[in-house]
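Asker: One letter stands for each residue in the lines below.
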Amino acid sequence: MKSIERQRNFIDFMLSSLLQRKGKNASVLVVYSLVVFVLASVIFFGSALRREAASLLAEAPEMVVQRTMAGRHDLIPLKYASVIRRIRGIHSVAPRLWGYYFHPASLANYTVMAPAHFSNADHEVVVGAGVLRTWGTIANQELVFKTYDGQLLRLKIAATLDARTEIITTDLILTSERTFRRLFGVPAAFATDLAIKIRNQAEAGTIKGKILEELPDTRPLTRQEILRTYAALFDWRSGYLIVILSAAALSFFIFAWEKATGVNAEEKREIGILKALGWDTSDILIMKFWEGAIISCVAFAVGVILAYFHVLFASATLFQHALKGWSTLFPSFKLPPTINFFQIAVLFFLTVVPYSLLTIIPTWGAAVTDPDAIMRQ
Amino acid sequence: MRKADICLASIGFLFLALLLLLTVHPGSSQEHHERIETGKQLVSRLGLTDLSLFTEARYTRHISQADSHAAFQDHPRAVEHFPSGSMVRPPRHLWTHSKGAAAFLQNKGPAR
Chain A
1 MKSIERQRNF IDFMLSSLLQ RKGKNASVLV VYSLVVFVLA SVIFFGSALR REAASLLAEA
61 PEMVVQRTMA GRHDLIPLKY ASVIRRIRGI HSVAPRLWGY YFHPASLANY TVMAPAHFSN
121 ADHEVVVGAG VLRTWGTIAN QELVFKTYDG QLLRLKIAAT LDARTEIITT DLILTSERTF
181 RRLFGVPAAF ATDLAIKIRN QAEAGTIKGK ILEELPDTRP LTRQEILRTY AALFDWRSGY
241 LIVILSAAAL SFFIFAWEKA TGVNAEEKRE IGILKALGWD TSDILIMKFW EGAIISCVAF
301 AVGVILAYFH VLFASATLFQ HALKGWSTLF PSFKLPPTIN FFQIAVLFFL TVVPYSLLTI
361 IPTWGAAVTD PDAIMRQ
Chain X
378 MRKADICLAS IGFLFLALLL LLTVHPGSSQ EHHERIETGK QLVSRLGLTD LSLFTEARYT
438 RHISQADSHA AFQDHPRAVE HFPSGSMVRP PRHLWTHSKG AAAFLQNKGP AR
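Residue numbers (our numbering), protein chains in the order written: chain A, 1 to 377; chain X, 378 to 489.
Isolated chain A, as found in the complex (with noise of 0.2 angstroms):
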C-alpha cells in the first residue's frame, strides 16, 4: 500500500508538472493521437476489406478457365467445354457472358453480364445501385446502349441488385444471353470464359494440370487463386500503404527523438530542485516514466478509438479518395472495424513503450547531475 501511495504522490506531482505546460503538453499529445490514428485506421480498414473479400467471394466459382491470344484474354470456345467434360473429376462446365461497357456520357466502365439463370424479358435489365448512380442518361427507365455495329438498344431496367452488395455489384449489368451477344456481338459458339465445378477440392491442382494438357492456349483460375489475390489487398507491402505508413512511422520517430535529445532548461532546473530537496535518481526517473506512459497511453486510446470510428461511421474518409482513383463510379459501402488483436498488440508495443522509455533517457543525464552545478546553469 506505501508503494501505491508513493505512485501516487509522482503522479500527482508529474501532473502539476505538465499542467505548467499545458500547450506544450497539449500539442504533443495531439501529434501523438494523430499518428495513432493514421496506423490504427489503416490496419482496420484493410483488414475489414480482406475479411470481407474472403467472406464474399467463398462462393466464387471453383475455377475459371480463359483463354489467351497473343498475351490477351480472348473468346474462349464452347467445343473446349466438351472436352473440359471428359476430365475425371469434373463435376460441371457452364460458359460465362460478362465484358465492359463503356459510356461516355459518365466516363464509366460497367461491367455486363449474362448469368446463366436470367428470369426477365430480353429487353430488360436488372442493374446495381452504382449504374444508377452514374449513367446520367436515364429516361423513362430506360438505358440507352450503342451495339457493336453502331445500332442503339434501348433497355429497360427491371430491377435493382440490392444495395446491401454494392461493394460486389456497384458497376453491374445483368442482361438475358441474346441482349448480351445483340449488344456485344459475341458469337454463339463463343463465350467469355467458363466456369468449372470439380468434385473434390484437393484435386483442383491435378485437374489445372489436365486441362493445361488438353488445352495449352487456355489459362485456369481456381478459387484458391482468387481468394489470395484478395489476400493482398491494402495490405502494408502495397505502394500506397508503405508510403502512408513509412510518413507516420518517420514522423512518429522524429518526434520521439525530438523528446530523446535533450531536456530544456527550464526542466533541467526543476530536476536541479528536486534533487536539491532530497529527491533520489530513482524517484526523478519513475516521475518521468509516468509523465511518458500516461501521455502514450491516453494518446494510444484517443487514436485507436477515433480510428474505430473513422471505418465504421465515416467509411474511412481518409483512404476513399485513393480508394476511388481514377473511377468515376465507386461503390459506396460501410465495413465494420475488423480487429485483429495481434496488429492492434504491435501497435502499442511500437508506439507505447518507445516513447514511454524516450522520456527517461534525456532526464537521466540531469538527473545525476550535480544539482547545484545545474542549478547555476
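What the hints contain is simulated information worked out from the structure, not anything from laboratory work.
Heads up, the beta-carbon is just placed ideally off N, CA and C, and yes, glycines get one too.
Some clues are possibly wrong.
In the DSBU-like style, the derived pairs of lysine-lysine whose C-alpha atoms are separated by at most 35 angstroms in a straight line are [stated by the list, open to error]: (1) X/K417 <-> A/K334; (2) A/K208 <-> A/K197; (3) A/K146 <-> A/K156; (4) A/K146 <-> X/K417; (5) X/K417 <-> A/K79; (6) A/K24 <-> A/K268; (7) X/K417 <-> A/K210; (8) A/K210 <-> A/K197; (9) X/K417 <-> A/K156; (10) A/K208 <-> A/K79; (11) A/K2 <-> A/K79; (12) A/K79 <-> A/K197; (13) A/K79 <-> A/K146; (14) X/K417 <-> A/K208; (15) A/K2 <-> A/K22; (16) A/K22 <-> X/K380; (17) X/K380 <-> A/K268; (18) A/K2 <-> X/K417; (19) X/K380 <-> A/K24; (20) A/K268 <-> A/K2; (21) A/K197 <-> X/K380; (22) A/K156 <-> A/K334; (23) A/K79 <-> A/K268.
Partner residues aside, some chain X positions facing chain A, computed with beta carbon under 7 angstroms [stated by the list, open to error]: (24) R379; (25) F390; (26) L391; (27) K417.
Could you slot chain X onto chain A? The hints should help.
Answerer: Below, chain X alone, put in the same frame as chain A:
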C-alpha cells in the same frame, strides 16, 4: 479527488471503452451477417470472381482474372493506373511464376 486518481480513472475508462469496442463490435451484428449471406448468394448465383472496387481498368476491376500483360495492353506505352495499382499487388500466382521464369533465363534450370 486527487489529480492522480482522476487521471488513472480516465485512462482506465478509455481502455475499457476501447476493449468494449474491440470485443463487442458491429462485425458480429445480425445486419452484417445478413449482408454477407445476401452477397454470397449473389456471388454463387452470378459466378462473380471479384469485388467492384476499382472500375477504371480491366485489370483493376477484375484483379484475379488479370494476366501479366493486362496492365500494359491498352496501348504500347500504357502505364499502370494510379493509385489503384499501388494499393493492390498483381495476383500472387503471377509473380510466383515469374521467379521460375527468371531462374530459367539465367540458365539455372527451373526454379525448385
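Asker: Confirm or reject each hint.
Answerer: These are the hints, each one checked on the structure:
1. Our distance criterion of 35 angstroms between C-alpha atoms is met by X/K417 and A/K334, whose separation comes to about 17 angstroms.
2. Restraint check for A/K208 and A/K197: satisfied, since their Cα atoms lie roughly 12 angstroms apart, inside the 35 angstroms limit.
3. Taking the CA atoms of A/K146 and A/K156, the gap is near 14 angstroms; set against the 35 angstroms cutoff, the hint holds.
4. Between A/K146 and X/K417 the CA atoms are separated by roughly 32 angstroms; this keeps the pair inside 35 angstroms, and the hint holds.
5. Under the criterion of a C-alpha separation no larger than 35 angstroms, the hint pairing X/K417 with A/K79 is consistent with the structure, at around 30 angstroms.
6. At most 35 angstroms may separate the alpha-carbon atoms for a hinted pair to count; A/K24 and A/K268 meet this at roughly 16 angstroms.
7. Annotation: proposed proximity of X/K417 to A/K210 holds, straight-line Cα distance about 29 angstroms (limit 35 angstroms).
8. Between the alpha carbons of A/K210 and A/K197 the distance comes to roughly 15 angstroms, so the proposed pair stays at or under 35 angstroms and holds.
9. At most 35 angstroms may separate the alpha-carbon atoms for a hinted pair to count; X/K417 and A/K156 meet this at roughly 26 angstroms.
10. Between A/K208 and A/K79, the direct Cα distance comes to roughly 18 angstroms. Compliance with the 35 angstroms bound is thereby established for this hinted pair.
11. Between A/K2 and A/K79 the alpha-carbon distance is near 86 angstroms, which puts this suggested pair outside the 35 angstroms criterion.
12. At most 35 angstroms may separate the alpha-carbon atoms for a hinted pair to count; A/K79 and A/K197 meet this at roughly 17 angstroms.
13. The straight-line distance between the Cα atoms of A/K79 and A/K146 is roughly 29 angstroms, inside the 35 angstroms bound, and the hint therefore holds.
14. Between X/K417 and A/K208 the alpha-carbon distance is near 25 angstroms, which keeps this suggested pair within the 35 angstroms criterion.
15. For the hint linking A/K2 to A/K22, the alpha-carbon distance of about 30 angstroms falls within 35 angstroms, and the restraint holds.
16. Restraint check for A/K22 and X/K380: the C-alpha separation of about 15 angstroms stays at or below 35 angstroms, so the hint holds.
17. Pair hint X/K380 plus A/K268 holds up; C-alpha atoms about 24 angstroms apart against a cutoff of 35 angstroms.
18. Distance check on the hinted pair: A/K2 and X/K417 sit about 60 angstroms apart at the alpha-carbon level, beyond 35 angstroms; violated.
19. Between the alpha carbons of X/K380 and A/K24 the distance comes to roughly 19 angstroms, so the proposed pair stays at or under 35 angstroms and holds.
20. For the suggested pair A/K268 and A/K2, the alpha carbons sit about 29 angstroms apart, so the restraint of at most 35 angstroms is met.
21. In summary, the hint linking A/K197 to X/K380 is not supported, as the alpha carbons are separated by about 67 angstroms, beyond the 35 angstroms threshold.
22. Pair hint A/K156 plus A/K334 holds up; C-alpha atoms about 29 angstroms apart against a cutoff of 35 angstroms.
23. Taking the CA atoms of A/K79 and A/K268, the gap is about 85 angstroms. The hint is violated against a cut of 35 angstroms.
24. A cut of 7 angstroms between beta carbons decides the hint on X/R379: the least distance to chain A is about 6 angstroms, and the hint holds.
25. With its C-beta approaching chain A no nearer than about 9 angstroms, X/F390 sits outside the 7 angstroms limit, and its interface hint is violated.
26. Look at X/L391: its Cβ gets to within about 4 angstroms of chain A, closer than 7 angstroms, so that hint holds up.
27. About 5 angstroms separates the beta-carbon of X/K417 from the nearest beta-carbon of chain A, less than 7 angstroms, and the hint is met.
Comparing the model with each numbered hint stated earlier shows that hints 11, 18, 21, 23 and 25 do not hold.
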